[in-house]
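With the hints as extra help, turn the sequences into a complete structure.
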Amino acid sequence: MTDASSQTDERLEGTPLIAPSTTDHPLHEAVVDACRSVFDPEIPVNIFDLGLIYTIDIDPENSVKVIMTLTAPGCPVAGEMPGWVADAVLAQPGVKDVDVDLVFEPPWGMEMMSDEARLELGFM
Numbered sequence: 001m002t003d004a005s006s007q008t009d010e011r012l013e014g015t016p017l018i019a020p021s022t023t024d025h026p027l028h029e030a031v032v033d034a035c036r037s038v039f040d041p042e043i044p045v046n047i048f049d050l051g052l053i054y055t056i057d058i059d060p061e062n063s064v065k066v067i068m069t070l071t072a073p074g075c076p077v078a079g080e081m082p083g084w085v086a087d088a089v090l091a092q093p094g095v096k097d098v099d100v101d102l103v104f105e106p107p108w109g110m111e112m113m114s115d116e117a118r119l120e121l122g123f124m
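Under the UniProt record's numbering, the first residue of the sequence shown is numbered 1, with each subsequent residue one higher.
It is possible that some hints are incorrect.
Said to hold, decoys possible - In the SDA-like style, the derived pairs of lysine to any residue whose C-alpha atoms are separated by at most 25 Å in a straight line are:
| hint | residue 1 | residue 2 |
| --- | --- | --- |
| 1 | LYS96 | GLY79 |
| 2 | LYS96 | THR15 |
| 3 | LYS65 | LEU17 |
| 4 | LYS65 | GLY122 |
| 5 | LYS65 | ALA86 |
As the list claims (entries may be wrong) - Quick list of simulated restraints, FRET-style, between CB atoms:
| hint | residue 1 | residue 2 | range |
| --- | --- | --- | --- |
| 6 | ARG118 | PRO60 | 31 to 37 Å |
| 7 | PRO26 | PHE123 | 32 to 38 Å |
| 8 | MET124 | THR15 | 29 to 35 Å |
| 9 | PRO60 | ASP101 | 16 to 22 Å |
| 10 | ILE43 | LYS96 | 28 to 34 Å |
| 11 | PHE123 | GLY94 | 31 to 37 Å |
| 12 | LYS96 | PHE123 | 35 to 41 Å |
| 13 | GLY122 | THR23 | 25 to 31 Å |
| 14 | VAL77 | HIS28 | 21 to 27 Å |
| 15 | ILE43 | ALA91 | 18 to 24 Å |
| 16 | SER63 | GLU111 | 28 to 34 Å |
Simulated from the structure, these hints should not be mistaken for lab results. From the three backbone atoms N, C-alpha and C, an ideal C-beta is built for every residue, glycine too.
In structure tokens, the structure reads:
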């Protein structure tokens, strides 16, 4: 007989830390562009290229779920940024509704930035 904790551990093994995005949905690029229109006020790079957007999940009814993080849990705009993302995505034609989840696992790291973001910030 197996206890519940070992069953949970077995299910989690091999599960990616960041869920994949639905990149094949026709709205995906528009949602990415909307995320690129949102900037952290302290960093002159958009949040998508910073690597703060972990997952963009779009269902067949065009409901969008965005899973994102912040550069640090104490970010001064932590309470506002998810709303900025939701507003930007909801403004895209065809998007039915938006749910933005703010997570801190896995933690954000500089390796999550795009090359463009690294270049803009002087890390390349």
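Against the structure, the hints:
1. LYS96 with GLY79: holds, 23 Å
2. LYS96 with THR15: violated, 29 Å
3. LYS65 with LEU17: Distance ~17 Å between LYS65 and LEU17 Cα, so the pair holds.
4. LYS65 with GLY122: Between LYS65 and GLY122 the Cα gap is close to 32 Å, so the pair fails against 25 Å, i.e. violated.
5. LYS65 with ALA86: With a Cα-Cα distance of about 9 Å, the restraint between LYS65 and ALA86 holds, given a limit of 25 Å.
6. ARG118 with PRO60: 31 to 37 Å: The hint (31 to 37 Å, Cβ to Cβ) holds, given that ARG118 and PRO60 are roughly 36 Å apart.
7. PRO26 with PHE123: 32 to 38 Å: At 34 Å between Cβs, range holds.
8. MET124 with THR15: 29 to 35 Å: Distance hint for MET124, THR15 holds at roughly 32 Å.
9. PRO60 with ASP101: 16 to 22 Å: Once the Cβ atoms are compared, 20 Å apart, the range 16 to 22 Å for ASP101 and PRO60 holds.
10. ILE43 with LYS96: 28 to 34 Å: holds, 31 Å
11. PHE123 with GLY94: 31 to 37 Å: holds, 36 Å
12. LYS96 with PHE123: 35 to 41 Å: holds, 38 Å
13. GLY122 with THR23: 25 to 31 Å: holds, 30 Å
14. VAL77 with HIS28: 21 to 27 Å: Holds, at about 25 Å.
15. ILE43 with ALA91: 18 to 24 Å: Distance hint for ILE43, ALA91 holds at roughly 23 Å.
16. SER63 with GLU111: 28 to 34 Å: holds, 31 Å
In summary, the numbered hints that this structure violates are 2 and 4.
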